[in-house]
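S.K.: Let the hints inform the model, and build the full structure from the sequences given.
Residue numbers (our numbering), protein chains in the order written: chain A, 864 to 1241; chain B, 20 to 364; chain C, 49 to 391.
In case anyone wonders, no lab produced these hints; they're calculated from the structure.
Cβ atoms here follow ideal geometry from the backbone N, Cα and C, with glycine treated the same way.
Warning: the hint list may mix true and false statements.
[Said to hold, decoys possible] Derived list of chain A stretches under chain B, where covered just means 3 residues or more per stretch with a C-beta under 8 Å from a C-beta of chain B:
(1) 1046-1057
(2) 1133-1140
(3) 1143-1149
[To be verified] Straight-line Cα separation of at most 35 Å, DSBU-like style, residue types lysine-lysine; simulated pairs:
(4) A/K1202 with A/K874
(5) C/K153 with A/K1202
(6) A/K874 with B/K134
(7) B/K27 with B/K218
[Claimed, not checked] Away from chain A, derived, C-beta distances all over 12 Å, residues of chain B:
(8) H37
(9) N151
(10) L175
(11) G243
(12) P265
(13) A320
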Amino acid sequence: MWKVIGLKLAKTIPVMFVVSLATFFLLDAIPGDPAVTVAGANADPAMLAEIRAELGLDRPLVERYFDWLGGAVQGDFGRQLLDPRLPVSTVVRAALPVTLQLSVMAMIIAPLLAIPAAMVSASRPGEGPDRVASTTAFAVIAIPSFLLALLVIHMFVFNHGLTQWALIALLAVGVVYLADRLRRAARRYPPGARGPFVARRGVALAVGAAVVVGLIWVLPDFPRQGWVRLTSDDGLAENLRSAFLPALTLAAMEAAVWMRILRGDLITTLQEDFILAARAKGMPRWRILTFDALRPSSFSLITVLGVSLGRLIGGTVIVEQIFNLPGMGTLMVRSIRAKDVPVVQSAVLLIAVIYVLVNAAVDVAYAYLDPRIRRGRV
Amino acid sequence: MSQAATDKAPLLQVENLHTAFDTPAGRVRAVEGVSFELAEGRTLGVVGESGSGKSVLVRTIMGLLGPNAVVGDEGRVLFDGRDVHQLDAVAARHFWGTEMAMVFQDPMTSLNPVKRIGQQITESIRFHVGANRVRARERALELLRQVGIPEPERRLEQYPHELSGGMRQRVAIAIAIACDPKLLIADEPTTALDVTVQKQILELLDRLRRESGMAMILITHDLGVVADHADEVAVMYAGSFVEHAPTAELFGDVEHPYTAALLGSIPRTDLPSHTPLRAIEGRPPNLIDPPSGCRFAPRCAYRTDACEAALPPLAPLLSATHSVRCIHPVGGARRAAAAVSGGGA
Amino acid sequence: MSDASNARPAAGRSLAIGLGLAVVGAVGTYVGLTAFTADDGWWKYAVVAVAIVFVYNGLQRACRAVFGPTFQFGLWLSIVWMGLIVSGAVFADLLPLAESRDVSKALLEPIDLRPNLFSRHPLGTDGQGLDILGGILYGGRVSLAIGVGAIVIGVAVGMLLGVSAGHYRGWLDRTISFVTDSMLAFPPLVFLLAVVAAFNPTIVTVTLALAVLAIPTYIRLARANTLVHAQREFVLAARALGERDRSIVWRELVPNVALPVASFSVLLVAAFIVAEASLSFLGLSVTRPNPTWGNMIAAAQDDFRTIPHGVFTPGAVLFMTVLALNRIGDAARLRWDPREAKV
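M.R.: Quick look at the structure:
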């Protein structure tokens, strides 16, 4: 097992090497003099020379690359070109946690949305809930991230009250549907057992609905933009409040993709013989769905998960821009606009490395989940 | 109908079962009017080629069909006197596994590949009987020993792919008998296994049956299997039984042309080499639009116009226990009829 | 089996119901969009949403009555929509549109005008008086040019390399695979940003950047399909007949690989249109005065609260285009690439 992990990590090294090369040379190809970019065309030639020397522009390309790489490995990424000329590592260290927190929150929320929806859809494909869920997922996939973010803002920030009512209306529809299902299921019970069955399920339904209504009621006012740091005075509550909508946007996009894939996989798995055998053992449907069907179906989900995480880490740019969050995305866009090469190089390298490691981790998780691979036989 | 000579009501009564599937091409009539009874402790062997409807028959009996299956209203399945398809939700949940259980053809696909063997056995014990973890594990070990798996403690923790084919099928059998069902349905349990292992599995099934007194329906395409391991044999063709008799009677006096052809097509080692194998001409009928009259008629060497006019009923011709669906049976009944009608043999 | 004599009246009734629903829905949509003011927020969208569902179901029913029960209304609607977008992009210059590019020519136009289908500005105007409908049609040009252009280049290069790798194997395959893996290891949006930082954003540079992103995916797809087909008998048969390698590749392998690639490409065009829109939203793609769907939305987002149509009109067009392409792509995949068909 550890051998597998080690091997996969080792395989990422040549790839990361190529990535670092690409990063370095790509940005080095920017036409124009970076010194002029920083100090302006009318700056003092001596200062220009000083900047050029600091950037090492007078040295050969290859030497500069290894210098940079050597520094990068030790954590020294140079200093930014813009004023105040802070060390790049400081700037990155301020921005990275924001992006990471967003990605992690999105990765937590997305499965909470996608997995139940996929299970409900796959258990009765083609019927009401499946059609609604599948159509919604299909539509969300088609919405670009910035539009989705703007839509989320329009709903939760500008029309807070109306959104609450809309959610309650949706909940009412769901409750009516479930109540009808309950009524039909109760008819399959003998008269004596019917009462307790309905009572049990009915109480569960009522409690669930009450909890959801409560959550909707206390739906807080989310800020249109801005980020409150965990370390600030207002602490965790404010931090979560400012992070929730962006994370929700990201999560919704990923959840839509996951839901479709998981649903397809579940439907395929449910047609396998061992599911039939489990039914022949008398196991109830929901149990089969959760314990027997979910795990074999999760393999392609795991792969997609990796892609999603990579996409998140590399793609929070849009959401950060719209919500004005000081994360890696905003940092990169600002630096790109200002042609602040050292910052862009480091940010890009960092994100690319994380991306590669995440993909490797997904490979490992895949191997762990499939006991056939884990035990050395396929 | 064939019935063991006991006074008790039969364990399983199948009456006039019809099952069809609605497909884009039309309605496929997979089971057409099957009726039989099975007493406790007896084994019924159901023989037929692929597509004869044997698997659909037993899945209908168990109630395990998919959503596009249409079961005719005129049929009934009574198990221990109760109508299987009318069970309420409380009873139905505990019916499968505890009263009726099934072993499937390919244990590689009928066992969950990502779950340990032990868990697959204990989960049904814990669900149906409510045993706690320790007792369920003990019972699982006991079951594995019963089905002849050595080192059961080690096997509990393994996954299906780590076992050989024969052992996997033993595990599947262990799962099936875990809650002491009264009826075990084995759907071609040995088809996916090597010949040497086949014998072991069949003997295992026999032994388990004797020890627990459970009834069994054994489905196979191999006449040799039922000859040694079944009390009664039913030959199935195109959705219905064409011959049904206790084993000795059936092999002693084959009546239906299809059964005769099946027997005749088995390669024999006592004949000279290069003797051509006798296959049955033609192909099984289209189940969406089956021929009127006898379904086997298009392929039958003895057919007459009367055969294609109307579907013959499954009727006991020679003895009360031996039923044939044919108006020109080829065995003793024919000789008897010839003797009655004209003299000479 | 069915009674033909009963089928006709039933179809006629279905048609009537369908058209009826569609009309009700259309009226509801119009009322929803125009009667409610911006302050009514959610109710407006709920009414419009329900009305659209009516229109969709009504038209679907009507079409099924006319064309048969298996008529795929959603698919055909998507094809019609794409036809509109493409023809709008191609013929934009010929249409009587109000000014949508040059601000100096639009000085006298009212700003932030709400959409009014029967006016000079059917979809309204933006904060500078520029016509939104014109912007959408010209923006469509940019989106389609970049999306399709990138795909064409990507397919050409990707398939060439992928089929070669899959057919010849050996060191060629290993090299191409390694380069592909490295390219795929790079986070795509970051790559786009970096390219835009290095080179000024024009239609050509953005197209080339997206093409570079597309190439590794096509290499993988072409290679996988080639490997599958290369083992099939007809390739062996062609070899046995003495066909030269290159001819085998062209005449036997490429046609079989082309279909799955084509169906996947439709989906990738949609993704690229979104990517381009995202870039122009950030101001890193084609900039004004050339309108693109992305920069139109970006310009309108500041007044989003009070003037939502500035965002939602081009947004809706973008959404529908992506939706239509996804629908067509899924249908193409189902027909041409059975391995990848979703349930």
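S.K.: Could you tell me which of the hints above the structure violates, numbers in ascending order?
M.R.: none
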